[in-house]
Amino acid sequence: MNWSVVLFGVWPYIALAVFVVGHIWRWRCDQLGWTTRTSELSEKRWLMWASPIFHLGMLLVIAGHALGLLVPPAATAALGISETAYHMVAVGAGVTAGLVLAVGVVLLVLRRFILRTRLRLVTRPGDVVVYALAVVVVAFGLWATFAANVAGPGYDYRETIAVWFRSIFYCQPQVDLMASAPWQYQVHVTAAWALIAAWPFSRLVHVWSAPLGYLTRPAIVYREQP
Amino acid sequence: MRVMAQVGMVLNLDKCIGCATCSVTCKQTWTNRDGVEYVWFNNVETKPGIGYPKRWEDQSAWRGGWRVDANGRLRLASGGKLKRLSRIFANPDLPTLDDYYDPATYDFDTLLTAPAGDRMPVARPISAITGQPMRLTWGPNWDDDLGGSGRYAADDPDMAAVRDQVRMSFEQTFMFHLPRLCEHCLNPACVASCPSGAMYKRASDGIVLVDQNKCRGWRMCVSACPYKKVYINRLSGKAEKCTFCFPRIEQGVPTVCAETCVGRLRYIGLLLYDADAVGEAAASPGDLVEAQRSVFLDPNDPAVVAQARRDGIGEDWIAAAQASPVWALAMRHKVALPLHPEYRTLPMIWYIPPLSPVLDATSAMGGDSADADDVFHAVANLRIPLEYLAALFADGDADLVAGVLMKLSAMRSHMRCLTTGRVASDDWATRVGSTAEELESLYRLLAVAKMSERYVIPPAHREDAAELAGWTTGCPLDQVAVGRP
Ligand code: HEM
Ligand code: SF4
Ligand code: SF4
Numbered sequence: 001m002n003w004s005v006v007l008f009g010v011w012p013y014i015a016l017a018v019f020v021v022g023h024i025w026r027w028r029c030d031q032l033g034w035t036t037r038t039s040e041l042s043e044k045r046w047l048m049w050a051s052p053i054f055h056l057g058m059l060l061v062i063a064g065h066a067l068g069l070l071v072p073p074a075a076t077a078a079l080g081i082s083e084t085a086y087h088m089v090a091v092g093a094g095v096t097a098g099l100v101l102a103v104g105v106v107l108l109v110l111r112r113f114i115l116r117t118r119l120r121l122v123t124r125p126g127d128v129v130v131y132a133l134a135v136v137v138v139a140f141g142l143w144a145t146f147a148a149n150v151a152g153p154g155y156d157y158r159e160t161i162a163v164w165f166r167s168i169f170y171c172q173p174q175v176d177l178m179a180s181a182p183w184q185y186q187v188h189v190t191a192a193w194a195l196i197a198a199w200p201f202s203r204l205v206h207v208w209s210a211p212l213g214y215l216t217r218p219a220i221v222y223r224e225q226p
Numbered sequence: 227m228r229v230m231a232q233v234g235m236v237l238n239l240d241k242c243i244g245c246a247t248c249s250v251t252c253k254q255t256w257t258n259r260d261g262v263e264y265v266w267f268n269n270v271e272t273k274p275g276i277g278y279p280k281r282w283e284d285q286s287a288w289r290g291g292w293r294v295d296a297n298g299r300l301r302l303a304s305g306g307k308l309k310r311l312s313r314i315f316a317n318p319d320l321p322t323l324d325d326y327y328d329p330a331t332y333d334f335d336t337l338l339t340a341p342a343g344d345r346m347p348v349a350r351p352i353s354a355i356t357g358q359p360m361r362l363t364w365g366p367n368w369d370d371d372l373g374g375s376g377r378y379a380a381d382d383p384d385m386a387a388v389r390d391q392v393r394m395s396f397e398q399t400f401m402f403h404l405p406r407l408c409e410h411c412l413n414p415a416c417v418a419s420c421p422s423g424a425m426y427k428r429a430s431d432g433i434v435l436v437d438q439n440k441c442r443g444w445r446m447c448v449s450a451c452p453y454k455k456v457y458i459n460r461l462s463g464k465a466e467k468c469t470f471c472f473p474r475i476e477q478g479v480p481t482v483c484a485e486t487c488v489g490r491l492r493y494i495g496l497l498l499y500d501a502d503a504v505g506e507a508a509a510s511p512g513d514l515v516e517a518q519r520s521v522f523l524d525p526n527d528p529a530v531v532a533q534a535r536r537d538g539i540g541e542d543w544i545a546a547a548q549a550s551p552v553w554a555l556a557m558r559h560k561v562a563l564p565l566h567p568e569y570r571t572l573p574m575i576w577y578i579p580p581l582s583p584v585l586d587a588t589s590a591m592g593g594d595s596a597d598a599d600d601v602f603h604a605v606a607n608l609r610i611p612l613e614y615l616a617a618l619f620a621d622g623d624a625d626l627v628a629g630v631l632m633k634l635s636a637m638r639s640h641m642r643c644l645t646t647g648r649v650a651s652d653d654w655a656t657r658v659g660s661t662a663e664e665l666e667s668l669y670r671l672l673a674v675a676k677m678s679e680r681y682v683i684p685p686a687h688r689e690d691a692a693e694l695a696g697w698t699t700g701c702p703l704d705q706v707a708v709g710r711p
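Heads up: the sequence lines are chains A and B, in that order. FYI, the working numbering numbers position 216 of the first sequence as 216, with every residue one higher than the one before it. In the working numbering, each residue's number is its place in the second sequence (first place is 1) plus 226.
Because the hints were derived from the structure by calculation, they are not lab data. Just so you know, even glycine gets a beta-carbon here, dropped at the ideal spot from N, CA and C. Keep in mind that the hints are not guaranteed to be accurate.
Derived DEER-like restraints, expressed as beta-carbon distance ranges [unchecked claim]:
#1 124(A) with 478(B): 40 to 46 angstroms
#2 439(B) with 21(A): 19 to 25 angstroms
#3 120(A) with 439(B): 24 to 30 angstroms
#4 334(B) with 21(A): 45 to 51 angstroms
#5 505(B) with 103(A): 41 to 47 angstroms
#6 296(B) with 135(A): 44 to 50 angstroms
#7 166(A) with 322(B): 42 to 48 angstroms
#8 169(A) with 331(B): 50 to 56 angstroms
#9 295(B) with 159(A): 52 to 58 angstroms
#10 354(B) with 215(A): 35 to 41 angstroms
Listed next, the in silico DSBU-like pairs over lysine-lysine satisfying Cα-Cα at most 35 angstroms (straight line) [to be verified]:
#11 44(A) with 676(B)
#12 560(B) with 280(B)
#13 253(B) with 560(B)
#14 440(B) with 241(B)
#15 241(B) with 280(B)
#16 253(B) with 44(A)
#17 280(B) with 44(A)
#18 440(B) with 560(B)
#19 253(B) with 676(B)
#20 44(A) with 309(B)
#21 440(B) with 307(B)
#22 253(B) with 241(B)
#23 280(B) with 309(B)
#24 241(B) with 44(A)
#25 560(B) with 676(B)
Chain A extracted, bound-state conformation (with noise of 0.2 angstroms):
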């Protein structure tokens, strides 16, 4: 058996299946556990920086990644943007949204893992998976970053990487391509996929909730019981 089809052809699926399975049944049979699951009474000084920091570069990555896979080099280029311009800016504006999730992430670690406070308390073992692969996500995705783009002579995953992650998608995983990335980037999109797994398990259905329609909504709620 060949390791890269299993983690480049089979894993994804696999992973995605568990996410949209366990967020079916997580929705339909859990709404009492669907929560942030909130530790700022526990714990405030720490979080009031790291919550706001993390959750900031968390977007701005979420949005650079869905940039960066989802849209091919032909389409930034019909808009009359040259490859060396959007590289410029994509690894400019990247390895920033990255740092800064990572400043927030460690925050966040230090804050629940380190710091002798009542949050060790409240943690179960769900947080630390998730923190586990959020640690291995955002340190080799900003190592593969650096050493390929930064320190080395530029590697366009828009010809490899972003192709591969559409593939999966077509449900024709072009396997080689991935096999053939620097291994950084190889660890980096293995544990993502377990983060996706990971995640209907997890308090990160949160993201799910984000409070949109609070914005429209009248001020005072009436109902009756369910």
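Following the hints, position chain B with the ligands against chain A.
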């Protein structure tokens, strides 16, 4: 006019002995669980004192409740929707465990397992949260009965309203207990602040609840409630609050805190109100107690009754509103006042301000505390505790509180004349703008009313009760399986 019904409560503070039975029975019933060790849906504070959580009344720090902006519009004190959503990742106004207290239990095992010996074994305090031995340095009523108030009471935010020269002498002057629970407000800031719409006001009786299946742990309600009566469950990360014992209320039975109250000082009943008038009353530029009273509808007014019927309120509920002790005390006799009306949530737990501080002061001044003339004199001349009570119950309107205290005092003198057979030297009732019958009915309600008069609670209309009884927190898939949506 849109008539709605609201359950409310009145507490007669003169009778509260601060025993905290209400707090304990409430805790045993509702928050005797992991994750809510620090939570007291009902707690009893000593006033003056800083309360639980510490200095909860200081809204310049917590930004709870509502305020009126420059254009006269009602806004949550914590800011507009966008501003609050921008702070969702970390809520700067949220109290932490340190603001409440580190709940303790005791190492009772030591008492049972200690070997025979010369020394008495001691059960040491251990943190209910960490399980580790701890030092007790604070608690939800640490300053109970003015204990340590030399240090703490000056920090009471309500003291700011009392003028300096009298502030120094309050320790000799007065003290009373203030039992607190969720106010089940007509204009609840917690509900308005909940990003997921998990908090709601029951349309039938106005009880404010958190839907545990919809709460997502954004914890905005905790800081928005000016009374700090929504709490985070430490373990589940969801909001929990006083339920007004709704399963009991639905059966026509009083709340646990009321039923177990040693002083029998709590009253529960319905008020009918005009839902369309709530917004305007909450935004009223001044006279907040009067504004709040203006939303309630006289249940004996035929026009109100007719509209209530049209709005789907049942006959038994209308009859209960007519017999309501809350209506009698807050609206007819006007002796009950809302707690901190300036928070503009239109709170529905009303308080009869304590006369006892004034009586103590009357005696201290050499007057006869049983003689209403002397008491009137004291009320008129003693700025504390009047200003202090006014800061709590009347948005600073000392005259309003004075009126209530004079009425209570007049009622006592009137009854004294009656029972001692002395000829009344004066007509107490007219001096406080009332009548003898009114004072006697007030006396009856305050002094001798039986349970059936103190708690007038119509059972819920649960025509579909059988179906609702089957509702559980189980997996909804099960319900699909038995053909429920
Ligand atoms: C999109 C809107 C989002 C909102 C409104 C949001 C909001 C929140 C809130 C309120 C908390 C609780 C903080 C506390 O009081 O302890 C939280 C925690 C957390 N969020 Fe988000 N979040 C969002 C997106 C995300 C995303 C995209 C991720 C990562 C993929 C994420 C990961 C986390 C993690 C790991 C924590 C736990 C922090 C800790 O206590 O250790 N969130 N979030
Ligand atoms: S007192 Fe109760 S109803 Fe009023 S804002 Fe606070 S939690 Fe909500
Ligand atoms: S049980 Fe009654 S008397 Fe005792 S503290 Fe509570 S309200 Fe006061």
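Hints, one by one, checked against the model:
no. : hint                                   : in the structure
1   : 124(A) with 478(B): 40 to 46 angstroms : 42 angstroms, holds
2   : 439(B) with 21(A): 19 to 25 angstroms  : 21 angstroms, holds
3   : 120(A) with 439(B): 24 to 30 angstroms : 28 angstroms, holds
4   : 334(B) with 21(A): 45 to 51 angstroms  : 47 angstroms, holds
5   : 505(B) with 103(A): 41 to 47 angstroms : 44 angstroms, holds
6   : 296(B) with 135(A): 44 to 50 angstroms : 48 angstroms, holds
7   : 166(A) with 322(B): 42 to 48 angstroms : 46 angstroms, holds
8   : 169(A) with 331(B): 50 to 56 angstroms : 55 angstroms, holds
9   : 295(B) with 159(A): 52 to 58 angstroms : 55 angstroms, holds
10  : 354(B) with 215(A): 35 to 41 angstroms : 39 angstroms, holds
11  : 44(A) with 676(B)                      : 48 angstroms, violated
12  : 560(B) with 280(B)                     : 31 angstroms, holds
13  : 253(B) with 560(B)                     : 32 angstroms, holds
14  : 440(B) with 241(B)                     : 40 angstroms, violated
15  : 241(B) with 280(B)                     : 25 angstroms, holds
16  : 253(B) with 44(A)                      : 26 angstroms, holds
17  : 280(B) with 44(A)                      : 16 angstroms, holds
18  : 440(B) with 560(B)                     : 39 angstroms, violated
19  : 253(B) with 676(B)                     : 26 angstroms, holds
20  : 44(A) with 309(B)                      : 19 angstroms, holds
21  : 440(B) with 307(B)                     : 19 angstroms, holds
22  : 253(B) with 241(B)                     : 22 angstroms, holds
23  : 280(B) with 309(B)                     : 26 angstroms, holds
24  : 241(B) with 44(A)                      : 40 angstroms, violated
25  : 560(B) with 676(B)                     : 21 angstroms, holds
Figure legend: structure checked against the earlier numbered hints; hints not met, in rising order: 11, 14, 18, 24.
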